[in-house]
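Engineer: Sequence lines, in order, name chains A and B.
Numbering-wise (this note's numbering), the first sequence opens with residue 1 and increments by one.
Numbering-wise (this note's numbering), the second sequence opens with residue 1001 and increments by one.
Quick caveat, the hints were computed from the structure, so don't treat them as lab data.
Do not take every clue at face value.
[Said to hold, decoys possible] Estimated spans, in silico, between C-beta atoms of each pair: (1) S134(A) - D1379(B): 36 to 44 Å; (2) G1306(B) - A150(A): 38 to 46 Å; (3) D40(A) - R1056(B): 50 to 58 Å; (4) R254(A) - S1208(B): 17 to 25 Å.
[To be verified] These stretches of chain A come out as covered by chain B in the derived footprint (C-beta under 8 Å, 3 or more residues): (5) 18-26; (6) 223-231; (7) 273-282; (8) 315-321; (9) 406-420.
[Unchecked claim] Residues of chain B placed beyond 10 Å of chain A at every Cβ, according to the derived structure: (10) R1046; (11) V1054; (12) E1105; (13) V1138; (14) A1206; (15) G1209; (16) D1210; (17) A1346; (18) D1348; (19) I1397; (20) E1425; (21) V1487.
Backbone N, C-alpha and C define an ideal beta-carbon position, used for all residues, glycine too.
The lines below spell out each chain.
There are 2 protein chains.
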Amino acid sequence: MELRIERSRAPGTRSAVPVYQQIAGQIRERVESGILAQGDRLPPIRDLAGDLGVNRDTVALAYEALAAEGVVESRVGRGTFVRGLRPRGTGPSGPIELQFSAVAERLLDYDHSRPQFGVPSDTIPLHSLVPDSSMFPVEAFRRALNRAFADVGASLLAYGGPQGFAGLREVLADRFRGFGVMVGPDSVVLSSGASQGISLAMRLFAESGDAVAIEAPTYHNALATMIGLDLKVAPVPMRRTGPDLDALDRQLSRPEVKAFYTIPTFHNPMGISTSVAHRRDLLAIAKRHGKPVIEDAYEMDLRFAGHPIPPLAAIDESGLVVQLTSFSKSLFPGVRAGALVARGRAVDALLVLKHATDLGGTLPLQAALADFVRSGAYDRHLAALRKRLRRRRDAMIETLEDEMPEGVTWTTPEGGYQIWLELPEPLDSQDLHAEAMRAGVLFAPGYQFHHDGRPSGGLRLTIALADETAIRRGVVTLARLVRERLVAGTASARVASVHM
Amino acid sequence: MELRIERSRAPGTRSAVPVYQQIAGQIRERVESGILAQGDRLPPIRDLAGDLGVNRDTVALAYEALAAEGVVESRVGRGTFVRGLRPRGTGPSGPIELQFSAVAERLLDYDHSRPQFGVPSDTIPLHSLVPDSSMFPVEAFRRALNRAFADVGASLLAYGGPQGFAGLREVLADRFRGFGVMVGPDSVVLSSGASQGISLAMRLFAESGDAVAIEAPTYHNALATMIGLDLKVAPVPMRRTGPDLDALDRQLSRPEVKAFYTIPTFHNPMGISTSVAHRRDLLAIAKRHGKPVIEDAYEMDLRFAGHPIPPLAAIDESGLVVQLTSFSKSLFPGVRAGALVARGRAVDALLVLKHATDLGGTLPLQAALADFVRSGAYDRHLAALRKRLRRRRDAMIETLEDEMPEGVTWTTPEGGYQIWLELPEPLDSQDLHAEAMRAGVLFAPGYQFHHDGRPSGGLRLTIALADETAIRRGVVTLARLVRERLVAGTASARVASVHM
Chain A
1 MELRIERSRA
11 PGTRSAVPVY
21 QQIAGQIRER
31 VESGILAQGD
41 RLPPIRDLAG
51 DLGVNRDTVA
61 LAYEALAAEG
71 VVESRVGRGT
81 FVRGLRPRGT
91 GPSGPIELQF
101 SAVAERLLDY
111 DHSRPQFGVP
121 SDTIPLHSLV
131 PDSSMFPVEA
141 FRRALNRAFA
151 DVGASLLAYG
161 GPQGFAGLRE
171 VLADRFRGFG
181 VMVGPDSVVL
191 SSGASQGISL
201 AMRLFAESGD
211 AVAIEAPTYH
221 NALATMIGLD
231 LKVAPVPMRR
241 TGPDLDALDR
251 QLSRPEVKAF
261 YTIPTFHNPM
271 GISTSVAHRR
281 DLLAIAKRHG
291 KPVIEDAYEM
301 DLRFAGHPIP
311 PLAAIDESGL
321 VVQLTSFSKS
331 LFPGVRAGAL
341 VARGRAVDAL
351 LVLKHATDLG
361 GTLPLQAALA
371 DFVRSGAYDR
381 HLAALRKRLR
391 RRRDAMIETL
401 EDEMPEGVTW
411 TTPEGGYQIW
421 LELPEPLDSQ
431 DLHAEAMRAG
441 VLFAPGYQFH
451 HDGRPSGGLR
461 LTIALADETA
471 IRRGVVTLAR
481 LVRERLVAGT
491 ASARVASVHM
Chain B
1001 MELRIERSRA
1011 PGTRSAVPVY
1021 QQIAGQIRER
1031 VESGILAQGD
1041 RLPPIRDLAG
1051 DLGVNRDTVA
1061 LAYEALAAEG
1071 VVESRVGRGT
1081 FVRGLRPRGT
1091 GPSGPIELQF
1101 SAVAERLLDY
1111 DHSRPQFGVP
1121 SDTIPLHSLV
1131 PDSSMFPVEA
1141 FRRALNRAFA
1151 DVGASLLAYG
1161 GPQGFAGLRE
1171 VLADRFRGFG
1181 VMVGPDSVVL
1191 SSGASQGISL
1201 AMRLFAESGD
1211 AVAIEAPTYH
1221 NALATMIGLD
1231 LKVAPVPMRR
1241 TGPDLDALDR
1251 QLSRPEVKAF
1261 YTIPTFHNPM
1271 GISTSVAHRR
1281 DLLAIAKRHG
1291 KPVIEDAYEM
1301 DLRFAGHPIP
1311 PLAAIDESGL
1321 VVQLTSFSKS
1331 LFPGVRAGAL
1341 VARGRAVDAL
1351 LVLKHATDLG
1361 GTLPLQAALA
1371 DFVRSGAYDR
1381 HLAALRKRLR
1391 RRRDAMIETL
1401 EDEMPEGVTW
1411 TTPEGGYQIW
1421 LELPEPLDSQ
1431 DLHAEAMRAG
1441 VLFAPGYQFH
1451 HDGRPSGGLR
1461 LTIALADETA
1471 IRRGVVTLAR
1481 LVRERLVAGT
1491 ASARVASVHM
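The whole structure should be built from the sequences, with the hints applied where relevant.
Structural biologist: Here is the structure:
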């Protein structure tokens, strides 16, 4: 179903029908014709407003008009639903509409609000943080998997327990010690990627109704995890030097804030790493409040420039830090291999949480990964990947410097996949996103990294999937679009269309 | 640390010191000597009472006496902690005690309350529901894994999305249709075992503070899952014919009860399957209340006797049922492969919940499993496994009939691994458990299948790990112990010892 909105902002002209009436009218038609049936949910106001490029109030006005007519109804915390006359199903023996938990409904809403990237395959992908499968050492991993079967045998297919395959925990403890985090394999809990690690660490300290302090902007899937756990967000604004420490101090002083989730190294989406001094100050604040820090080190193996900075977990003397990492970005996501490092009773608590979630992870892949790392194949892969990322980053930074107009700023990461770019006022990256998509370039608009989806001049560019040539072409196109927008002021399309 | 309690129930004799004072005195000594330090938690009252074989009130009295002296303190919902004078750590720069969520603390407590089976390896394992690894078709699965790598290539190691590998969903939809559940692959969501399936299905309908109706007794890990989700338990007593439908009706009439979790086929721990008529009545009740039913079909492939009974999902005309299953018992748990089947928007909601939990499962194992099932290897394995289980069940039932004294009753399952046995009043299966362990036989005492850990005359015997000879020997031993207890009345040990 497609809504078509006609409008004009040029002075002295106006379309015949106010925009909110256009929207309401088209939805009404679809209910009358049966395209929308009783119980169907209308898109969230924010979504429809974003897609149509209109103000949220306009869409809200349309929905209110329809509600006043009895065509739709609002349900608190769930959205707007079609009332209509024709019930779904086949009478009394037909399907019953089940009521989902409010958390599930909020996750559905959140999912609808994510940007859509459904575009032709020749588009330049500067939006994605998924590693390039053409670099996956598939054959070496397959051999490691076969060796694991030969070495371990049938017990590889038994329950492995919540902590995970001991051999992989040993390998990971070795690597953590290489970063200065002095732990043994008993302090390591394997997780299904960093994603499950975030969820387990948050559940260790916070539960329904509690708040967790997060960086703003931050990793968008961490926001989804928090919605799923019914946790409130206590935002700490990001500066170019890292999270604002005064704001962190204020947030941690609130009793309902139970922990701080932070990405100090190769921050997602900003690409920056904080200094050792910043890290020490951050830990001192956390310690003063007696609040734990969840350190997301998901790209810790991807430094390609500069000097190593010890992770928070390495300089933490008070046992405040639970650190998590992942192989999803440095190797491949398909193994769903991540790990948490904690101390003392926190390990026990993570284990019961993991056990109550899915009993434990998959031993065959954990054992294969241990073998793969031990064989040296992982370090060889990392060396090649870092070289490639370094070249791509250089290509992107050079082109940004050559092409972007004054007022546009960006970060220069020393590792990982992502670069953060900020457009000058009053440009909004979500508007640019739609336009860039039409011009064949994808990036991640900044709003999705904010818990409240606020308009943002920031956007994330990545070097995961595009090679140097594509990166240069993509940045040239983006720079042209930015220059045009700066010249034109706030541009507006005559006709916006949206599927709902 | 070991507590030693001396007591006597023989009339006319008494130990010099009341039992509660003995307990309190020995804990006080350990605090004074520094074996227990500030912040250490004492064992939950229930645990210590169970381990010492004393009344819970006795332990509570001991803890209260210590609290009155200022040696320990109670923290609401967390337990009893040592106060003492010597803080842990090394002064102001030492570790800080982090506060965990109440949910994590409750999970830790629950974990402590589980029975311990740390015994010599020559013990007869009639307690475990873990399949026998000597039957795992390891080599056939390894070959399937290699074929999957050859067929699918690098994308096997990419993110697979929350729904899981399409090929395995097709295979599962085929099998579901074989049970009369008319679904396609789009209605299937892969999960990390049945365990994650239970968690996702519960979260679909219920959240912190809500209640879910469950069978009493039920699968103990479902209870842990509910603690982890902060869900309340609405118990529905199990009869020999299935859950009591009047009680179900009453529970579902309560607004805070959001769903019913049930195991209609080869119930865990009871081993029974409900009739088609019972299933229809159950669905009619759920429909009248408009409440969903979560059908756990984790052993659906393990019928070895009797006639197939359609699952609830097959006779559900109202879209009330979310069904889940697993390969953990029918093949091996190491693949962590389970699946949910749902309809309409419930699928979308399960997908966002799965995504917010761990992004998705492991494609390589899912693809290998699809190949393994398609090749016919799974059905060949099932045929052999069912034959073996049939022989073992027959051996157990015959020996029970030959050996058990009057008053002991048991179920006769037509599939799966577990048989439920009930001791006559006033015998408690937890007492028998400790004694049987010393005599070299393990079983699962009934209390752990009840959310409130209530004393139970029931116990679960399984045919997963012991062969026919061991089963006969184990049942003979158990029967002897039961007869002795019936003769002696309530037996009591003179000295009980416990590590804490």
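Engineer: All hints, please: hold or fail.
Structural biologist: How the hints compare with the structure:
At about 38 Å, the beta-carbon gap between S134(A) and D1379(B) stays in the expected band of 36 to 44 Å. The beta-carbon spacing between G1306(B) and A150(A), approximately 41 Å, falls within the hinted interval of 38 to 46 Å. A hinted range of 50 to 58 Å for the beta carbons of D40(A) and R1056(B) is consistent with their spacing of about 54 Å. Distance hint check for R254(A) and S1208(B): the Cβ-Cβ separation is about 20 Å, which falls inside the suggested range of 17 to 25 Å.
For the stretch 18-26 of chain A, the assignment as covered by chain B is violated, since 0 residues bring a beta-carbon within under 8 Å of that chain's beta-carbons and 3 are needed. For a cut-off of 8 Å, the count of residues in the stretch 223-231 of chain A with a CB near a CB of chain B stands at 5, and the three-residue condition holds. For a cut-off of 8 Å, the count of residues in the stretch 273-282 of chain A with a CB near a CB of chain B stands at 0, and the three-residue condition is violated. Residues of the stretch 315-321 of chain A lying with their CB closer than 8 Å to a CB of chain B number 4, which satisfies the three-residue condition for coverage.
Remark: the stretch 406-420 of chain A is not confirmed as covered by chain B, as 0 of its residues place a Cβ nearer than 8 Å to a Cβ of that chain, below the required three. Remark: the non-interface label on R1046(B) is consistent with the geometry, its nearest Cβ contact in chain A lying 17 Å away (cut-off 10 Å). Every beta carbon of chain A lies more than 10 Å from that of V1054(B), the smallest distance being close to 26 Å; the non-interface claim holds. Some Cβ of chain A comes within 10 Å of the Cβ of E1105(B); the nearest lies about 8 Å off, and the non-interface call is violated.
Some Cβ of chain A comes within 10 Å of the Cβ of V1138(B); the nearest lies about 5 Å off, and the non-interface call is violated. Against the 10 Å criterion, A1206(B) falls within the reach of chain A, whose nearest CB is about 6 Å from its own CB. A beta-carbon of chain A comes within 10 Å of the beta-carbon of G1209(B); the shortest separation is about 7 Å. A beta-carbon of chain A comes within 10 Å of the beta-carbon of D1210(B); the shortest separation is about 7 Å.
The beta carbon of A1346(B) is not kept farther than 10 Å from every beta carbon of chain A, the shortest such distance being approximately 7 Å. The non-interface label for D1348(B) is inconsistent with chain A: the shortest C-beta to C-beta separation is roughly 6 Å, within 10 Å. Against the 10 Å criterion, I1397(B) stays outside the reach of chain A, whose nearest CB is about 27 Å from its own CB. The beta carbon of E1425(B) sits about 34 Å from the closest Cβ of chain A, which is more than 10 Å, so the claim that it is off the interface holds.
With a minimum CB-CB distance of about 39 Å to chain A, V1487(B) clears the 10 Å threshold, and the non-interface call stands.
Consistency with the previously given hints fails for numbers 5, 7, 9, 12, 13, 14, 15, 16, 17, 18, ordered from lowest to highest.
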